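A.B. asks: One letter stands for each residue in the lines below.
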Amino acid sequence: MTFAEVVQQSWGPMMEGLQITIQLTFLSIIFGLALGLILALGKVYGWKPLRWLCTAFIEIIRGTPLLVQIFIIYFGLPPYGIRLSPLQAAVIAFSINSAAYQAEYLRGAIQSIPSGQMQAALSMGMSAWQGVLSIILPQALRRVIPPWTNEFIYLLKYTSLAYIIGTPELMGQARFVASRNYEYFQVYVLAALIYLGIVLVFSEVFSWIERRVRIPGFDYHS
Amino acid sequence: MSKEKNVVLRMEDVHKSFGENHVLRGVSLDISQGETKILIGPSGTGKSTLLTCINMLTPPDSGKIWLLDQEITGSKKVNRLRQQIGFVFQDFSLFNHLTALGNVSIGLTKVKGLDRRKAREKALQELKQVGLEDKAASYPAQLSGGQKQRVAIARALAMDPQLILFDEPTSALDPELIGEVLAVMKNLANRGMTMLVVSHEMGFARSVADEVVFMEGGVIVEQGPPTQLFSRPQVQRTGEFLSRLSGLFGEEEEKQ
Ligand SMILES: Nc1ncnc2c1ncn2[C@@H]1O[C@H](COP(=O)(O)OP(=O)(O)OP(=O)(O)O)[C@@H](O)[C@H]1O
Ligand SMILES: [Mg+2]
Chain E
0 MTFAEVVQQS WGPMMEGLQI TIQLTFLSII FGLALGLILA LGKVYGWKPL RWLCTAFIEI
60 IRGTPLLVQI FIIYFGLPPY GIRLSPLQAA VIAFSINSAA YQAEYLRGAI QSIPSGQMQA
120 ALSMGMSAWQ GVLSIILPQA LRRVIPPWTN EFIYLLKYTS LAYIIGTPEL MGQARFVASR
180 NYEYFQVYVL AALIYLGIVL VFSEVFSWIE RRVRIPGFDY HS
Chain W
0 MSKEKNVVLR MEDVHKSFGE NHVLRGVSLD ISQGETKILI GPSGTGKSTL LTCINMLTPP
60 DSGKIWLLDQ EITGSKKVNR LRQQIGFVFQ DFSLFNHLTA LGNVSIGLTK VKGLDRRKAR
120 EKALQELKQV GLEDKAASYP AQLSGGQKQR VAIARALAMD PQLILFDEPT SALDPELIGE
180 VLAVMKNLAN RGMTMLVVSH EMGFARSVAD EVVFMEGGVI VEQGPPTQLF SRPQVQRTGE
240 FLSRLSGLFG EEEEKQ
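Here the protein sequences line up with chains E and W, keeping their order.
Take 0 as the starting number for the first sequence in numbering that gives the first Met the number 0 and just add one per residue.
Take 0 as the starting number for the second sequence in numbering that gives the first Met the number 0 and just add one per residue.
Hints are supplied without guarantee of correctness; some may be wrong.
[Claimed, not checked] Distance condition first, Cα-Cα at most 30 Å in a straight line; then the derived DSSO-like pairs of lysine-lysine:
1. W:63 x W:117
2. W:185 x W:127
3. W:76 x W:134
4. W:111 x W:121
5. W:76 x W:109
6. W:75 x E:47
7. E:47 x W:127
8. W:63 x W:127
9. E:47 x W:185
Rather than coming from a laboratory, the hints here were simulated on the basis of the structure.
None of the values given here were measured: they were computed from a predicted structure.
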């Protein structure tokens with residue numbers, strides 16, 4: 000088969016897979032961001048036990064393989080009455096995993112904002128919570144865009160692991176197609192090219208967003 | 000010491016330690032309506048700590064502080080009280096992600112609950128007061144140090160405070176920018192704002208201060224009108240410190 004024929008034959012299923020890959024990535028990055036934000040705020044501003052709890056959670060997740068986490072959630076939970084579809088299990092596993100990494104990026108960004116910003120907020124009568132929401136986070140979230148873009152790209156690629164529990168995402172579909180036509184090399188190269196294309200597109204999108212929200216005249220690295 | 004005028008700020012025997020470091024060792028101070036007091040003293044003597052005790056960013060260990068008839072120390076409404084006490088920082092601490100206008104109006108919308116239009120109007124007025132209405136749309140990083148500090152003053156003024164605390168407002172500025180900030184402060188003093196200013200600008204102290212307060216080792220050593228304190232200090236340490244200052248800043252007594 001020529002590459003063109005392989006493309007033609009596998010395009011349909013691969014695009015279906017891509018749709019699920021993107022769905023999986025977006026759901027996980029957004030749930031991960033929400034949880035990561037809670038973890039980061041807990042770690043920076045929480046009272047001791049909460050700080051300790053957040054740190055422990057982050058370290059456990061970052062210190063164990065993603066595949067093990069996926070297996071625990073998909074194969075380990077049913078005996079306890081929690082039965083999840085492959086897609087649900089994958090979203091949960093990726094969200095939790097990504098949350099731990101995003102929490103660390105967010106924590107770094109929050110702590111890089113000079114303490115005088117919070118002092119100024121409190122001095123004008125804001126509550127600590129208002130200071131976090133109106134002063135600290137708007138600056139920290141801008142700062143976190145570059146590492147967050149990396150996390151997005153990692154996550155997008157890591158979602159390929161979900162094929163192992165039978166999620167029909169891009170990698171799963173590629174395997175399915177290749178097992179039919181035996182054109183392993185060409186099919187997987189096609190899959191790789193699709194991943195690469197998507198990564199490039201989203202890198203561009205996020206760097207455009209970063210430029211859009213940049214604070215005029217302000218250099219974070221000075 | 001007690002004037003007929005309203006006492007805006009009263010501190011009684013305020014103490015503060017950081018671990019073993021006993022920084023404030025019993026400070027008592029009154030400031031009346033419309034008064035400007037200048038606080039001077041060697042580095043590390045507790046001037047900044049004293050200011051942050053007043054707005055409870057650093058809660059004192061003991062002693063009492065009143066703003067008018069409300070006791071600040073031990074109050075459960077610290078946020079409410081802080082609105083009434085402006086604070087101007089040495090490093091400006093403008094909110095980096097907001098324009099000059101945003102910096103001045105955010106307290107009005109978030110803290111005072113004004114609607115955006117009213118807040119904008121008032122913020123523009125305050126920027127006008129400090130001569131920066133044309134910089135309303137500029138971000139802090141686009142302003143000079145002197146302009147930043149004037150925005151910071153406008154930000155404090157916008158809250159209609161009873162009292163403004165200044166912590167070395169000109170010491171992070173290039174010499175040629177100090178004048179514009181002092182001019183704004185002088186104007187405030189003349190319009191009757193109550194101010195407590197940590198500053199070693201002797202010329203400024205001489206022209207606007209009702210009293211100069213010399214602090215050392217966590218206590219107030221001496222206080223009095225600038226003419227008296229500068230020419231006839233009652234305590235030897237005050238005189239020594241002042242002559243060291245004029246040596247540093249090249250005021251008057253240049254020949255030894
Ligand atoms: N948050 C803090 N934690 C521990 N020690 C502190 C803290 N803030 C101030 N200190 C200590 O308290 C002492 C007084 O500091 P403070 O900043 O009030 O002095 P200052 O008179 O303002 O000095 P300067 O003229 O250098 O600004 C110093 O020894 C300082 O190290
Ligand atoms: Mg100081």
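A.B. asks: Are the hints correct? Go through all of them and say.
C.D. replies: Comparing the hints with the structure gives:
The suggested pairing of residue 63 of chain W with residue 117 of chain W is violated, with an alpha-carbon distance near 36 Å, which exceeds 30 Å. Only pairs whose Cα atoms come within 30 Å are accepted, and residue 185 of chain W paired with residue 127 of chain W is accepted, the gap being roughly 16 Å. Of the supplied pair hints, the one linking residue 76 of chain W and residue 134 of chain W is violated, its CA atoms being roughly 34 Å apart against a limit of 30 Å. Proposed proximity of residue 111 of chain W and residue 121 of chain W is supported: the alpha carbons are some 12 Å apart, at most 30 Å.
For the hint linking residue 76 of chain W to residue 109 of chain W, the alpha-carbon distance of about 16 Å falls within 30 Å, and the restraint holds. Note on residue 75 of chain W and residue 47 of chain E: the hinted pairing holds, with a Cα-Cα distance of about 23 Å set against a maximum of 30 Å. A C-alpha spacing of about 46 Å is found between residue 47 of chain E and residue 127 of chain W, which places the hinted pair above 30 Å, so the restraint is violated. With a CA separation close to 37 Å, the supplied pair residue 63 of chain W and residue 127 of chain W exceeds the 30 Å bound.
Using a Cα cut-off of 30 Å, the hinted pair residue 47 of chain E and residue 185 of chain W is violated, with the two alpha carbons roughly 46 Å apart.
The structure is inconsistent with the numbered hints 1, 3, 7, 8, 9, although it conforms to all the rest.
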